[in-house]
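J.: Okay, here's what each chain looks like letter by letter:
2 protein chains.
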Amino acid sequence: MPDTLLCPRNLAFELYEVLDAEALTQRPRFAEHSRETFDAALGTARSIAEKYFAPHNRKADEHEPRYVDGRAELIEEVKPAVDAFLQAGFLNANRDFDVGGMQLPSLVSQACFAHFQAANAGTTAYPFLTMGAANLIETFGSDDQKRLFLQPMIEGRYFGTMALTEPHAGSSLADIRTRAEPAGDGTYRLKGNKIFISGGDHELSENIVHMVLAKLPDAPPGVKGISLFIVPKYRVNQDASLGPRNDVVLAGLFHKMGWRGTTSAALNFGDQGQCVGYLVGQPHQGLACMFQMMNEARIGVGMGAVMLGYAGYLYSLEYARQRPQGRTPDNKDPHSPAVPIIAHSDVKRMLLAQKAYVEGAFDLGLYAARLFDDTHTAPDTTARTQAQQLLDLLTPVVKSWPSAYCLKANELAIQILGGHGYTREYPVEQYYRDNRLNPIHEGTEGIQSLDLLGRKLAQGGGAGLKLLVRSMAGTCERASHHPNLDALRQPLEQLVNRLQGVTLALLGDLAQGKVAGALANSALYLKAFGHCVIGWRWLEQAIHAEVGLLNGNERDFYLGKLQAARYFLTWELPPCHNDLALLQARDDTCLSMQEGWF
Amino acid sequence: MPDTLLCPRNLAFELYEVLDAEALTQRPRFAEHSRETFDAALGTARSIAEKYFAPHNRKADEHEPRYVDGRAELIEEVKPAVDAFLQAGFLNANRDFDVGGMQLPSLVSQACFAHFQAANAGTTAYPFLTMGAANLIETFGSDDQKRLFLQPMIEGRYFGTMALTEPHAGSSLADIRTRAEPAGDGTYRLKGNKIFISGGDHELSENIVHMVLAKLPDAPPGVKGISLFIVPKYRVNQDASLGPRNDVVLAGLFHKMGWRGTTSAALNFGDQGQCVGYLVGQPHQGLACMFQMMNEARIGVGMGAVMLGYAGYLYSLEYARQRPQGRTPDNKDPHSPAVPIIAHSDVKRMLLAQKAYVEGAFDLGLYAARLFDDTHTAPDTTARTQAQQLLDLLTPVVKSWPSAYCLKANELAIQILGGHGYTREYPVEQYYRDNRLNPIHEGTEGIQSLDLLGRKLAQGGGAGLKLLVRSMAGTCERASHHPNLDALRQPLEQLVNRLQGVTLALLGDLAQGKVAGALANSALYLKAFGHCVIGWRWLEQAIHAEVGLLNGNERDFYLGKLQAARYFLTWELPPCHNDLALLQARDDTCLSMQEGWF
Numbered sequence: 001m002p003d004t005l006l007c008p009r010n011l012a013f014e015l016y017e018v019l020d021a022e023a024l025t026q027r028p029r030f031a032e033h034s035r036e037t038f039d040a041a042l043g044t045a046r047s048i049a050e051k052y053f054a055p056h057n058r059k060a061d062e063h064e065p066r067y068v069d070g071r072a073e074l075i076e077e078v079k080p081a082v083d084a085f086l087q088a089g090f091l092n093a094n095r096d097f098d099v100g101g102m103q104l105p106s107l108v109s110q111a112c113f114a115h116f117q118a119a120n121a122g123t124t125a126y127p128f129l130t131m132g133a134a135n136l137i138e139t140f141g142s143d144d145q146k147r148l149f150l151q152p153m154i155e156g157r158y159f160g161t162m163a164l165t166e167p168h169a170g171s172s173l174a175d176i177r178t179r180a181e182p183a184g185d186g187t188y189r190l191k192g193n194k195i196f197i198s199g200g201d202h203e204l205s206e207n208i209v210h211m212v213l214a215k216l217p218d219a220p221p222g223v224k225g226i227s228l229f230i231v232p233k234y235r236v237n238q239d240a241s242l243g244p245r246n247d248v249v250l251a252g253l254f255h256k257m258g259w260r261g262t263t264s265a266a267l268n269f270g271d272q273g274q275c276v277g278y279l280v281g282q283p284h285q286g287l288a289c290m291f292q293m294m295n296e297a298r299i300g301v302g303m304g305a306v307m308l309g310y311a312g313y314l315y316s317l318e319y320a321r322q323r324p325q326g327r328t329p330d331n332k333d334p335h336s337p338a339v340p341i342i343a344h345s346d347v348k349r350m351l352l353a354q355k356a357y358v359e360g361a362f363d364l365g366l367y368a369a370r371l372f373d374d375t376h377t378a379p380d381t382t383a384r385t386q387a388q389q390l391l392d393l394l395t396p397v398v399k400s401w402p403s404a405y406c407l408k409a410n411e412l413a414i415q416i417l418g419g420h421g422y423t424r425e426y427p428v429e430q431y432y433r434d435n436r437l438n439p440i441h442e443g444t445e446g447i448q449s450l451d452l453l454g455r456k457l458a459q460g461g462g463a464g465l466k467l468l469v470r471s472m473a474g475t476c477e478r479a480s481h482h483p484n485l486d487a488l489r490q491p492l493e494q495l496v497n498r499l500q501g502v503t504l505a506l507l508g509d510l511a512q513g514k515v516a517g518a519l520a521n522s523a524l525y526l527k528a529f530g531h532c533v534i535g536w537r538w539l540e541q542a543i544h545a546e547v548g549l550l551n552g553n554e555r556d557f558y559l560g561k562l563q564a565a566r567y568f569l570t571w572e573l574p575p576c577h578n579d580l581a582l583l584q585a586r587d588d589t590c591l592s593m594q595e596g597w598f
Numbered sequence: 001m002p003d004t005l006l007c008p009r010n011l012a013f014e015l016y017e018v019l020d021a022e023a024l025t026q027r028p029r030f031a032e033h034s035r036e037t038f039d040a041a042l043g044t045a046r047s048i049a050e051k052y053f054a055p056h057n058r059k060a061d062e063h064e065p066r067y068v069d070g071r072a073e074l075i076e077e078v079k080p081a082v083d084a085f086l087q088a089g090f091l092n093a094n095r096d097f098d099v100g101g102m103q104l105p106s107l108v109s110q111a112c113f114a115h116f117q118a119a120n121a122g123t124t125a126y127p128f129l130t131m132g133a134a135n136l137i138e139t140f141g142s143d144d145q146k147r148l149f150l151q152p153m154i155e156g157r158y159f160g161t162m163a164l165t166e167p168h169a170g171s172s173l174a175d176i177r178t179r180a181e182p183a184g185d186g187t188y189r190l191k192g193n194k195i196f197i198s199g200g201d202h203e204l205s206e207n208i209v210h211m212v213l214a215k216l217p218d219a220p221p222g223v224k225g226i227s228l229f230i231v232p233k234y235r236v237n238q239d240a241s242l243g244p245r246n247d248v249v250l251a252g253l254f255h256k257m258g259w260r261g262t263t264s265a266a267l268n269f270g271d272q273g274q275c276v277g278y279l280v281g282q283p284h285q286g287l288a289c290m291f292q293m294m295n296e297a298r299i300g301v302g303m304g305a306v307m308l309g310y311a312g313y314l315y316s317l318e319y320a321r322q323r324p325q326g327r328t329p330d331n332k333d334p335h336s337p338a339v340p341i342i343a344h345s346d347v348k349r350m351l352l353a354q355k356a357y358v359e360g361a362f363d364l365g366l367y368a369a370r371l372f373d374d375t376h377t378a379p380d381t382t383a384r385t386q387a388q389q390l391l392d393l394l395t396p397v398v399k400s401w402p403s404a405y406c407l408k409a410n411e412l413a414i415q416i417l418g419g420h421g422y423t424r425e426y427p428v429e430q431y432y433r434d435n436r437l438n439p440i441h442e443g444t445e446g447i448q449s450l451d452l453l454g455r456k457l458a459q460g461g462g463a464g465l466k467l468l469v470r471s472m473a474g475t476c477e478r479a480s481h482h483p484n485l486d487a488l489r490q491p492l493e494q495l496v497n498r499l500q501g502v503t504l505a506l507l508g509d510l511a512q513g514k515v516a517g518a519l520a521n522s523a524l525y526l527k528a529f530g531h532c533v534i535g536w537r538w539l540e541q542a543i544h545a546e547v548g549l550l551n552g553n554e555r556d557f558y559l560g561k562l563q564a565a566r567y568f569l570t571w572e573l574p575p576c577h578n579d580l581a582l583l584q585a586r587d588d589t590c591l592s593m594q595e596g597w598f
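These protein sequence lines map, in sequence, to chains A and B. At position 543 of the first sequence (counting the first as 1) the number is 543 in UniProt numbering, and the numbers step up by one without a gap. At position 367 of the second sequence (counting the first as 1) the number is 367 in UniProt numbering, and the numbers step up by one without a gap.
Next comes chain A alone, as it looks inside the complex (with noise of 0.2 Å):
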């Protein structure tokens, strides 16, 4: 059977040779790991991912959950997935042995995970959405909070949710009208709307955990005003037993393009005034906290868009090997057997495309959950800080870019099957579908600019801006001992170079308060920073395939990936260079635009 959610060759590349995962195991929390109880993980994964999470991947899609008496109804098959993934381990892949987890790094929960995104986004959204909510009340919680929600969260009992989006603010927070006022006796009061709150709604729990963003009444405007609040489905007794219904409505659900095996929900908070609350962490210091849960959930929102990508690639990978068609445009002879359409240079265009994107993207993402192990594991501090400092810096670059192009390799996915594609009968349109909405939730396109180029660079004194430009001098300097990668590496080097020069004029720019026109084109300073960045991590690819070449096995696998290297440094990277010239510039095109003039 061929590899349907993702190659496990590549996986054990980017794992054992480019990122070392068993570097990892040298460090005491992870001293009871080796390879083979990272592999035994990975195939658990993969099963579970293939039994119980695939085979109703389309099911979910042609039966979305439905509105009915005031609660969601899902599929039946969705349950028994969440289950087998909950009894295998992985909610608490990351938590202490002794609590029940797996105690295993990110680098290597995040390629576990990466197998239900792969088979099922639409199942794998619930445990997903319970893992970050249970991490926001592990760090922020009070005992009480702990015992009473994260306990059951990590017994896999409850599920989580956050409510952030309210109807008439979408992406400003600044201006959410949901209120909570003391109770007088610790709890609170909460009334507002929300809505897109994915999971929000369903039985496949004893009870939901909603983690919402919500304003105390004497609190300041904007974001300083903003608290963060466990609001649950049912609520809880001091014994931990379940009580009644909370003033939580289900108003109603979503009908998306894609993504349907997810409930989206409109929900009402305190119609009836009852609506209990309880304050997570400091009083308006709600949006810093939801930001830990909204960092890890942007890394696993740019992971979900990369294995939407990968299966789709996968797939037409498969059909271009076994769909003959045509013949090459040098052999005009019609009595000639057509050849399979892999064999046309346009198709492989459209593979090694679909390639770079998604082995780029898929080592991108893996590199990060690296990096979120080195700041919580690393042998000493400064490494810890900036471990930390980079991650801050590429997470937004995490989430979009994969988002951005491995939705564009779901799109040449679907060419390559060409009339099949487009339709049902074939995975590949879902894929497209599903990933669409990737580059809006947790942040859209848009916001993850202002976050890079408003906000991350200068983050420090511009330490994770120093940190990234030495990472890739350095793999720059490694590349230039392989001949081979000069073609490859030059690109890089020279797009790099004059990314820099305009990251600190931009800066310079925002310090002296010259901000609308700074952050005008925060878009073209995304798509050239996200591209750098992955022009890197290809670099850093081909530098281990050549060492691999040079080992002498696995020709085949080691030459895709110089091609695939060689295909993004060279075809994709480049036309970078007239971004920066906009931005350079400071080009006003779109800043000056008047909206009388549409």
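Bear in mind the hints are in silico, worked out from the structure with no lab data behind them. Any given hint might turn out to be false.
Identical copies carry no separate label here, and so any pair may be met within one copy or between two of them.
Calculated lysine to aspartate or glutamate pairs in the EDC-like style (CA-CA distance at most 16 Å, straight line) [claimed, not checked]: (1) K146 with D239; (2) K59 with E73; (3) K332 with D175; (4) K224 with D333; (5) K466 with D392; (6) K51 with D83; (7) K59 with E77; (8) K514 with D588; (9) K514 with D330; (10) K215 with E181.
For this one, chain A is given, so just place chain B on it according to the hints.
T.: For chain B alone, coordinates are given in the frame of chain A:
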């Protein structure tokens, strides 16, 4: 009410400023027409599209045709819409007055038709395919065929299809297996299977006339052995009355990602050996005949792609004007009211890109229609021949460019609406799904790129290319009289110069038989060539905008045109230099990629 189909001011700009539709009324064929009669036809098209087509666009998507007892069942709103279209005479918009036609120029009839394409792509396909099939019989059919099949099509009683694709052959028509045996009485018996037949079954008309490609027993191999047949769903007696069902069976329906309103059928011809067909034109000349229909269809597909993009653009524009959210980055006061999102530079970018794509492609589609008029009605033979040469060259671009970039426009429209855009409560996600078909049907992007580079460029000794280059040079020369346009003209001149050099080099390779290498990167060529063409059309629009400004009216409209031209020519055009550099270097990244390396 905001415009949702297309912008009437922009249509008037195209017809009466850029493309000088009124000049056509100087020609004998259109002498009875005037701007008033043109506008009356356009107004009728608009009101029928708004009244009968737009209202069931979503319903047709939600209730796709169902296979019931061997027939395709459509929702009931389709027939009244198609009937209103027929009644108003749009099926015969170009035909002579004396056969009941409107004798309109193609320029105007395409503009009329564009309203239906914007309102409802699915329902519009039925008359669209009928028009193509009717034109085919008109050109190549015998008198008897015209009497028995064309006449009832003109009357709107019979509908038409084109049946080319077979399950095993896809784009490779050389390999079709459908056979046609002479029955001895001048008719044929067909046997074979066709798939993806749009409008392949329905009950909108008394009969369906399938234009079928098949091979005669003595057919030479390959495309030179393909013949064209009329195969009616119901046989037709010599007195033009309907006979019994022909042996054409609806084997099933395809379930598509979008464009669901149009049945996509699998048809079995001759399962019982009783499928009667009639040879159209000469034996083995079927592909040449079919190309007439396909060339018309390709322009129609291009315009269809434009109109889906256009509808999405207008919707997202209106949304961006109405939706308050956030503040511009230079305003940090959380007490200030939220601004409409159109005030955000990144939203302006997404609107400007859409405007550049859809109005650029709209101009090109109408320009092609104007050329089509010239092929029939230009004052002298030379002008007619030249119009045909230029139109032939441009056809792959007219088909493929909007299919790629107006789909991109739809992607941006969703992004502007954010989470809402991803739901089926808003129309933009359907436009995106519908438009994804256009890069596939009527010749994929890959087929168009080979048609351009491998066939059209060299046709007639490169006559079309010379005409195009001359037209572009003429536009640049006129633009040079407007100093304001220097920054727009220069990037086009630079790219076109380089394109010419690359083109000659590639044609040289082809002439020397280096076919595989020369065609390996045909996709890059199509993209760069297409961008030059659209860039040229934008410069042409910019000149007319400058003239409009000099006349002192409607500053906003013309300034918007200039800004969109600036966006396209300075943001989108320069990156094509990398494509041309790769072509110049005969880059073999794709060609040399091996199947085993993936």
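J.: Hints first: check each against the structure and report whether it holds.
T.: The hints, checked one at a time:
1. K146 with D239: Within one copy only: 13 Å inside, 86 Å across.
2. K59 with E73: Intra 14 Å, inter 24 Å, cutoff 16 Å: intra-copy only.
3. K332 with D175: Classified as between: cross-chain Cα gap 13 Å, same-chain 66 Å, threshold 16 Å.
4. K224 with D333: between (72 Å within a copy, 12 Å between copies)
5. K466 with D392: within (13 Å within a copy, 54 Å between copies)
6. K51 with D83: within (12 Å within a copy, 51 Å between copies)
7. K59 with E77: Within one copy only: 9 Å inside, 29 Å across.
8. K514 with D588: within (13 Å within a copy, 45 Å between copies)
9. K514 with D330: Answer is between: at 8 Å across copies they meet the 16 Å cutoff, but 58 Å inside does not.
10. K215 with E181: within (9 Å within a copy, 79 Å between copies)
The structure shown violates none of the earlier numbered hints.
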